[in-house]
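In order, the protein sequence lines correspond to chains P and G.
Going by this note's numbering, the first residue of the first sequence is number 1, and it counts up by one from there.
Going by this note's numbering, the first residue of the second sequence is number 1, and it counts up by one from there.
In case anyone wonders, no lab produced these hints; they're calculated from the structure.
Among the clues, some could well be false.
Here are the simulated PhoX-like pairs of lysine-lysine, each with C-alpha atoms no more than 25 Å apart in a straight line [stated by the list, open to error]:
{"no.": "1", "chain 1": "P", "residue 1": "K247", "chain 2": "G", "residue 2": "K258"}
{"no.": "2", "chain 1": "P", "residue 1": "K105", "chain 2": "G", "residue 2": "K106"}
{"no.": "3", "chain 1": "P", "residue 1": "K194", "chain 2": "P", "residue 2": "K105"}
{"no.": "4", "chain 1": "G", "residue 1": "K258", "chain 2": "G", "residue 2": "K286"}
{"no.": "5", "chain 1": "P", "residue 1": "K30", "chain 2": "P", "residue 2": "K247"}
{"no.": "6", "chain 1": "P", "residue 1": "K105", "chain 2": "P", "residue 2": "K195"}
{"no.": "7", "chain 1": "G", "residue 1": "K258", "chain 2": "P", "residue 2": "K143"}
{"no.": "8", "chain 1": "P", "residue 1": "K30", "chain 2": "P", "residue 2": "K191"}
{"no.": "9", "chain 1": "P", "residue 1": "K147", "chain 2": "G", "residue 2": "K106"}
{"no.": "10", "chain 1": "P", "residue 1": "K193", "chain 2": "P", "residue 2": "K30"}
Chain by chain, the residues run as shown.
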Amino acid sequence: MRILTVIRQVLDAEESVYVDNRAVDLKGRKLVMDTMDEYGVEEALRIRERGAEAEIVAVGIGPARIEEALRSALSMGADRAIHVETGEEVDPIALSGVVAAIANKEAAQMIFCGGQQADWDSQALGAAVAERLDWPALTWTRKLELKGNTLAGQRDAEDGVESFEVDLPAVVTTQQDLNEPRYPTLPNIMKAKKKEIRRETLESFGVALKVRNHGVEAQNRERLRQVIDGRDAAAAAAQLIAMLREKTGVIA
Amino acid sequence: MILVVVAHAGGRVSRSALGLVAAARQIGRRGPVAALVLGHGVAGVAAEIAPYVDQVLVADREDLAQYDPQVWAAAVAQIAREGEADTILVTASRSGRELSARVAVKLDAALLEDVVSVADQQGALVAERYSCLARVTERIEALSPVVVVAIKPGVFAAAEPTGAEPGEQYDVDLALPPARVRVIGKVRYATGRIALADADVVVSGGRGVGDAAGFERLIVGLADQLGAAVGASRAVVDAGWRPYSDQVGQTGKTVQPKVYIAVGISGAVQHLSGMNKSRLIVAINKDSEAPIFRVCDFGIVGNVESVVPAMIEQIAAARLSPAGS
């Protein structure tokens, strides 16, 4: 079986966001594999460690720098990587065509994808890939187990936790509770340097963009930041209640 | 035609669906507004939405009783094609966002996902949405004539009825694929409380409330006094003190109430992305360096164990003597 894990490289969550010339300024900032994608790599590795025979292929689409994120996936234990190089911002619906084409070419049976990307704040990629392949998708999974050709587990639905079963092939999207991603060990980091990253061009996939991004603006919402000392709890509570009463009307 | 996919629960139209109708009227595209009601036993839903739209398209079928994105996307796409809809509006809930991506692929359409504004500009739909963990606003343009728009819940105020005759109802025939995901069990979140997305006030607790009992006493206690919804940080949900449905943040819910009260929450960026659009943010935390104080309007540096009970007591007392005497 072959498992694809889609890898994105995003700004580290600890980094502040600066906007320069209507774009998020990434110069000199720490970029990492999206945590959501780490859960996917980890889960693929666990499926293999529990006895399934699987080759794990990390797939990244973006500029040259995203090879660092692919290398992180290889250091965790993925077998090889595919890098589709482009400097263009490709929207998730267009991008899903690239991932689906790779899945077909690689005869993949499972695809892991982040539940929500930390740069786009988008949840569309996993579902769009599944639709292109005419596969089911298990979104927001919190528990997974592969029994033969059947994937069983739990996922967060809008109004509760669903237990599900589905026959492969399938797309799985991740979330934080799924597992605790491992740190790459030094020997594995060394090994990863020798693993293959195959480079392809976006043009070879014939992708037509669906959405054009006209740029971003920073959100400079000014907050009052009136912070008081709460050692006198009763007085602080009274001041807060008075403020809520005056400014919001949520307290009668 | 502008097709509005109507979200419903418990036989009632969801509030977000009326927001979609409002968006459909403001978007600046011509043609009738048609509501699409999918499900089983949804005659009441269809009747309820009819006064707000020009037409109601109903597919009332047993195989639509359970929500399955793959099956529902096939239904929406078929109806959009047959009705020659150029704009398909969906609520950007989690399930709605999954549906909207599938519909966009089926229709070879652009997807404007989780948008906070949308308008037709010389034939192209242009929208605004938040990205980078809701820290920037981006402006995006659909490059295809048919566009699927997933609208962030709570952004558009609910539409009023048209005032004309209720929209005529049509039953639609569908050729649907079988569901492939087998749902073998479901634990529903029980809550008699107002939903996070609908609440004017949200009281949210973090690790700083100590334990599950502290959460119940402080957060639920204060929420009860304020008629507020209860939210939680990821740490609290991970610790098992509260169900996932309470989680606010990147991987939980996004809320934008009039007042958001964060108690014992330090304010990691992932949490902030779920609540930083609240109109007024209150923070109570013992650590004066906590990042939450940098984004709050009003903050108290102090012990939550003494500040929150004092609030509960004073609000309760004020209710007993409304004159404030």
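Tested hints:
Our distance criterion of 25 Å between C-alpha atoms is met by P/K247 and G/K258, whose separation comes to about 10 Å. Restraint check for P/K105 and G/K106: satisfied, since their Cα atoms lie roughly 21 Å apart, inside the 25 Å limit. A distance of roughly 23 Å separates the Cα atoms of P/K194 and P/K105; the hinted pair therefore holds under the 25 Å criterion. Proposed proximity of G/K258 and G/K286 is supported: the alpha carbons are some 24 Å apart, at most 25 Å.
As the CA atoms of P/K30 and P/K247 are separated by approximately 40 Å, the hinted pair breaks the 25 Å bound. Our distance criterion of 25 Å between C-alpha atoms is met by P/K105 and P/K195, whose separation comes to about 20 Å. A distance of roughly 35 Å separates the Cα atoms of G/K258 and P/K143; the hinted pair therefore is violated under the 25 Å criterion. Simply put, P/K30 and P/K191 have alpha-carbon atoms about 24 Å apart, close enough for the 25 Å limit, and the pair holds.
For a cut-off of 25 Å, the pair hint linking P/K147 to G/K106 is broken: about 31 Å separates their Cα positions. With a C-alpha separation of about 21 Å, the suggested pairing of P/K193 with P/K30 holds against the 25 Å cut-off.
Checked against the numbered hints given earlier, the structure breaks hints 5, 7 and 9 and satisfies all the rest.
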